Structure formats: C-alpha cells, structure tokens
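**Student:** Chain residues, written in single-letter form:
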Amino acid sequence: MNSPVAVLAHSHRAPPAPVPAVHDGTDARQEPAMSLLSIKNLSVRFGGRDAVPVVDGLDLTVNAGEVLAIVGESGSGKSVTMMALMGLVEAPGIVTADRLEFDGTDMLTLKGRQRRHIVGKDLAMIFQDPMTALNPSFTIGYQIEEVLRQHLGLRGRAARQRAQQLLERVEIPGAASRLDAYPHQLSGGMSQRVAIAMAIAAEPKLLIADEPTTALDVTIQAQIMDLLLDLQRDQGMGLVLITHDLAVVAETANRVCVMYAGEAVELGQVPRLFNAPTHPYTEALLKAIPEHSQGARRLSTLPGIVPGRYDRPQGCLLSPRCPYVTDHCRAQRPTLDPHPFGAVRCFYPLNLTEVTR
Amino acid sequence: MLSFIVRRFGLLIPTFFGVTLLTFALIRLIPGDPVEVMMGERRVDPQMHAAAMHRLGLDKPLPQQYLDYIGKLAKGDLGESLRTRESVWHEFLTLFPATLELAIAALLFAGTLGLLAGVIAALKRGSLFDHGVMGLSLAGYSMPIFWWGLILIMFFSVSLGWTPVSGRIDLLYDVEPVTGFMLIDTLLGDEEGAFLDALRHLILPAIVLGTIPLAVIARMTRSAMLEVLREDYVRTAKAKGLSPSRVVFIHGLRNALIPVLTVFGLQVGTLLAGAVLTETIFSWPGIGKWLIESIGARDYPVVQNGILLIACLVILVNFAVDVFYGLANPRIRHQS
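Protein chains in written order, with this note's numbering: chain D, 2 to 358; chain Z, 42 to 377.
Hints are computed from structural coordinates only; laboratory data are not their basis. Remember, predicted model here, so these are calculated numbers, not experimental data. Treat the hints with care, as some may be off.
With the Cβ distance kept under 7 Å, some of the chain Z side facing chain D (calculated, not the full set) [claimed, not checked]:
#, residue
1, D273
2, Y274
3, T277
4, K279
5, A280
6, K281
7, G282
8, H292
9, R295
10, N296
11, P371
12, R372
Where is the CB? At the ideal position from N, CA and C, for every residue including glycine.
Required output: the full structure, derived from the provided sequences and hints.
**Tutor:** Written out as structure tokens, the structure reads:
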C-alpha cells in the first residue's frame, strides 16, 4: 500500500524538510523558553465560568520557524484558540490559561497598548474569507500602510514604497497601480494576497493562518499555500496553519495538533502521524480522505457528530463515536500523554507497540 | 464619476415637473381664491371679483394657466407676490438665509449629538446608556414639533427666562444684513452683545427643529455601527494592532456612515417641513413662516414658486448626498 503522504501529496511539491534544531515540542518536560509560543491549560468559555468550554485545557507549543498545523472538524476550537492568543475573544467569552506566552511575553495579562505592540507586529493573523476581511472603504495601499505606520513608524513616500514592495512580495501583478485599488476590485485570491501582505508587513515572528484557502478556488488554494510556505521559509517565521485540509497538512506542516471538541487529542510529527496515527480520531480523519477509499463502495466516515453542550460524555469525548470504545473509555476521560513520537489522549493508542510505549 | 453625476442629474427633470404640477394643483384645491381673501370680510361684488381674477390671469382655463406658469418659469420668471407686489425670487432670497441658518444649526446639533450617542450606544450595547438613548430617541421621534416647541418655550423662556421667546434677535440691535446669517452679521457689526443675543435666539428653535433628525440619526448610527462592528474587516483591524479608537472611528464609523448619510439627506426634507412649524412657533422670519402666511392669503405665485424652490433645494441636497455617497462608498462609484 502507498504511504498516505504520497497519496495526499497530489501536487509535485515535496514535503518540507523538517526544520533543523527543532525538537519535538510535544514533550511536556520541554523547556518553555525554547518555544516561540507556549500555551498551557488554555480554556475558552462563552456564557459564564461554569459554561462548557469551547477550548478545554489545551497545551500547545510552536517553535520559531516551525509550521504547526491544527486540524479538526468545525467547532473543535481551532480558531478560538488562536483568537484567544490574539486577544480577539470578546465578552462574554472568558479566556483562562496557566500559561499563554508568546516570545517571552505573557499574552493573558497583557493590556491594551502593550498588546497592540505585539499583535499585528510580531504576531499576525490572516483569516478565512479574504473578501470580507479587507475594509471596503479604503484602498489596499492605505490598509497596508496603516500597519507600516502603526508598527514601523513609516509614513508618506517610505510607507508607500514599502507597501508596493510587499505587494510585489506576495506576487500581485502591477503592484504599483494596485495600491490605489479598492478591495471590491480584487478577486478572492488577490484579496488573500493583500491580507497576507498586511500580515507580514511588520515581519512577524509567528503568522497564524486561519483556514487561509477555504474560501478560495482549488487552483488558487495551491498558489496561496505555496506563497505562505515560501514566505515562512524566507522570513524564518513560525506558521500556525488552521485547516480542514489534511492534504495541505501533509505537504506543509512539521507538526500537527489534532483537535476534537475543544481538546487536543493527538500531537505528532509529519509524516509519522499520517503513516501511523495513534488516536482513533486521527485515524478516522485519515480514512475519510477520498483517495484512501479507492475501490470501496462508500467513503469511510465516523458516525455521529461532535458532542454539543448538553450531550458531552462523561468519559472520553470521542467514546460515543469511537470504533474501539470500551467501558473504561465511557467512564473516564483520558489525559494527553506524551509518547516517543508525540502525544495522544487515548487509553488504547494505535500504532504504538509495547516496546515504544 | 462624471457619468454618475450626469445620470443623477437626468433624473431631476421629471421630479421638477412633478413638483410644479403638484403645487399648482394643490393650492387651487384649497377653497377660496386670492381676491376673496384680499376682500376679507366684506361681501365681494361679483363684477369686481371677475375683473380682479381677469387681471391676475386666474379666469383662464386651468391647463392654460399651467402652461403660462411653465412658460414664465422657463424664462426664469418666478412672478411676484399678490400681496406685496415684490418679486418672489427677491423675497425668497431675503428670507432664505434665516431658514438656512436655523437648519444648519439644527443639523449640527442633530448630527454631532446623534452620531456620538449612536456610536456609544452601539459600543455599550444593552447598557443603561443604550436603552436610555434608544428610549429617548423614540420619544423624540414621536414628538409633535409644535407641542415640543411650546413646552420648551414655556420651560426655558417663560419659567427660567434663559432664552428669548421668539424672533432672531432683540429689537434693540440694529444689524446690517450683509450675509443674511444673523450669527455672521452680528460678528461683522460692532454692536456689543448682539452675537450672543442672536445665539440665544437660535438655540431653542435649533433644538426643536433638530429633535427628529437627532432621533433618526442616533438610531440609524447605532444599528449601522452594530452591523459594521461584526464585520470581518473590523476583526482584521483589531488583529493589525490598531488602537480601539482607530478601529471604531476609522474602520467602523467610516462604513457605518454610508447608510447614515442617506438618512441625513432624507432628513433635509423633514427639516424644511419642520421649519414651517418651528418658524411659526418661534416667529422666525424664514421661508417657512413666509409660506404659511402666503397659503393663508392664497398668494398663488408665492406658494407655487416658494414650494418649487424648496423642492429644488431638497432635490439638490439629495443629489449632493448621492454624489457624496459615491465618494464615501467606493463600491458605488465604480459600478457604472
């Protein structure tokens, strides 16, 4: 049988070489100072302190220059995690964490002005739908220059020149004339390029891309991903890629965090996670890729839906849907435990022999 | 942009004719005619009546009268008042600055306060302030202008004595009408205290006239702001690390202003309609009071052409708003 990665990689782009000197950030005993981003026990709740958390006790690290993919179905808390980091979770949302540290700064207690020195500069984000992410009333030149003015103090001609360079960097043809264009005059792909130009304007150390290609045509998707990776390598920035698209993950990421119902269920390296998933949910996600079901009459799917606010199981959150479920799983919630290749939240992890465990 | 302006201008012509037809018909639908009114209580001698009507050209068939009217209009002749024998245009020009001054003051009052209240209410949605603003604006919108004006006069002018009861300025002052705007003319003149007196005369009428626009603008701003603040580009602006005031006023309000601006334009019509009542209550010597008196006297030329001039004004303002709308909203501008 083909390796899943080979099947997934339908473009001829080779999977990235793992960044050297990056050790597995999933190890719980790891030094926090080594990580660019270090999240410990992050929870986000809407509707009071006792509400069911949207993100529940999440631990995550991202190292400088690393590409981390966060995957999981809709509502698993992928975006909210990153919104919490950016300080974009608004009341009535409540963010709690033991540690929410970016580049040595505690983002949890950071207030107004200090936060704005980091957000948009060292920590930037691009969003899902580029057609609505840009302000329709301002030219794209203005919107890029705004970042340059805010974070780099560039004004006038210098700002305009830099904005043009940025548009050229994101491969927008006729960059000079495009500066005066309004967002509605651009296609979705172009708009996403502009959004990327805005995000990288102050050369961030970490770029968060929240499903950057979901709203785009398939042909454009590959171009945008190529551009993001190119920029990531070029600037040596960390990249957190929130996505549904496992093919993209296989091609781009160094490490993967699989989320389910607000919890991280598996952390692992690419390509090992694709070849030997340790969590049943990850396995099910991989099986659901159409290319893996060739010859089968039906696409493999996981029955049921993500538990909602009122039907959260007492034990493992996946237990109602898991093909390997036992009574133990139904009674107790597993913790995220490290293993030699990553970490898994399961009592009976797959593809781990007794020796490696 | 030019074709946009030309197209909008083309739409003005049918509107213009509609207004002439309407005013021409409406004033003649009111029982009585100018001659009867001039004769007053006395019994009108039918022969004298007929002669006077003939002299005024009012004995011709209505279509003929209308054509005569349009023919005169085409030559730029707005006729003269039946009462004063003054040119309608001249009377309008003399009285209009008073109305304009009042309207501008009312719009400034309504615009600044309405935008501010609307934005704050949207930001503090569900707060006591929000409910207060929305409740007050509903009350303000439902308020009959004449009643509201009288209440304010009773309280501030009569009971407290803070502001004068009526007029534009105290009779003690002799102000040279240079621009027609009392505030400017009093500043140009050298009479001490005249400016402050004119200002005190202006405050109450401006508040009364501005109340409905204030209510509409506040509500509109609030709902537009609430909508805009949910937009993705506001999140983008926050993610760029911009200050909250920049996010709200540059990225938010700029877009929220687009619908508010339309309402603003529509309010100019309401404002001129309201001016008729406000000017009557405060004896403000503007075109509103002028028209009311002319209707009473069945002064056909003044009513017809006065209303036509006001209609043109409303049309022009809305036209200006449309052009400005195009400037404010790049998506409209490029649509042609």
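**Student:** Holds or violated: is there a CB of chain D closer than 7 Å to the CB of N296 (chain Z)?
**Tutor:** Status holds, d = 5 Å.
**Student:** Given a cut of 7 Å on the nearest C-beta pair, is the interface hint for K281 (chain Z) held or broken against chain D?
**Tutor:** OK, holds: K281 (chain Z) within 7 Å of chain D, min 4 Å.
**Student:** Holds or violated: is there a CB of chain D closer than 7 Å to the CB of R295 (chain Z)?
**Tutor:** With Cβ-Cβ at 5 Å, under 7 Å, it holds.
**Student:** Once the shortest beta carbon distance from A280 (chain Z) to chain D is found, is it less than 7 Å?
**Tutor:** holds, 5 Å
**Student:** Have a go at the K279 (chain Z) hint: is there a Cβ in chain D nearer than 7 Å to its own Cβ?
**Tutor:** holds, 6 Å
**Student:** Does G282 (chain Z) pass the interface hint, meaning its C-beta sits closer than 7 Å to a C-beta of chain D?
**Tutor:** Result: holds, 3 Å to nearest chain D Cβ.
**Student:** Hey, does the P371 (chain Z) contact hint survive, CB to chain D under 7 Å?
**Tutor:** For P371 (chain Z), the interface hint holds, since the closest Cβ of chain D sits about 4 Å away, which is under 7 Å.
**Student:** Can the hint on H292 (chain Z) be confirmed by a CB-to-CB distance to chain D that is less than 7 Å?
**Tutor:** holds, 5 Å
**Student:** At a threshold of 7 Å, is the proposed contact between T277 (chain Z) and chain D supported by beta-carbon distances?
**Tutor:** holds, 5 Å
**Student:** Identify whether the interface hint at D273 (chain Z) stands, where standing means a beta carbon of chain D within less than 7 Å of its own.
**Tutor:** With a minimum Cβ separation of about 4 Å from chain D (threshold 7 Å), the hint on D273 (chain Z) holds.
**Student:** Is the shortest C-beta separation between Y274 (chain Z) and chain D less than 7 Å?
**Tutor:** At 4 Å from the nearest chain D Cβ, Y274 (chain Z) passes the 7 Å test, so the hint holds.
**Student:** Let's test the interface hint: is any C-beta of chain D closer than 7 Å to that of R372 (chain Z)?
**Tutor:** holds, 5 Å
In this structure, every one of the numbered hints holds.
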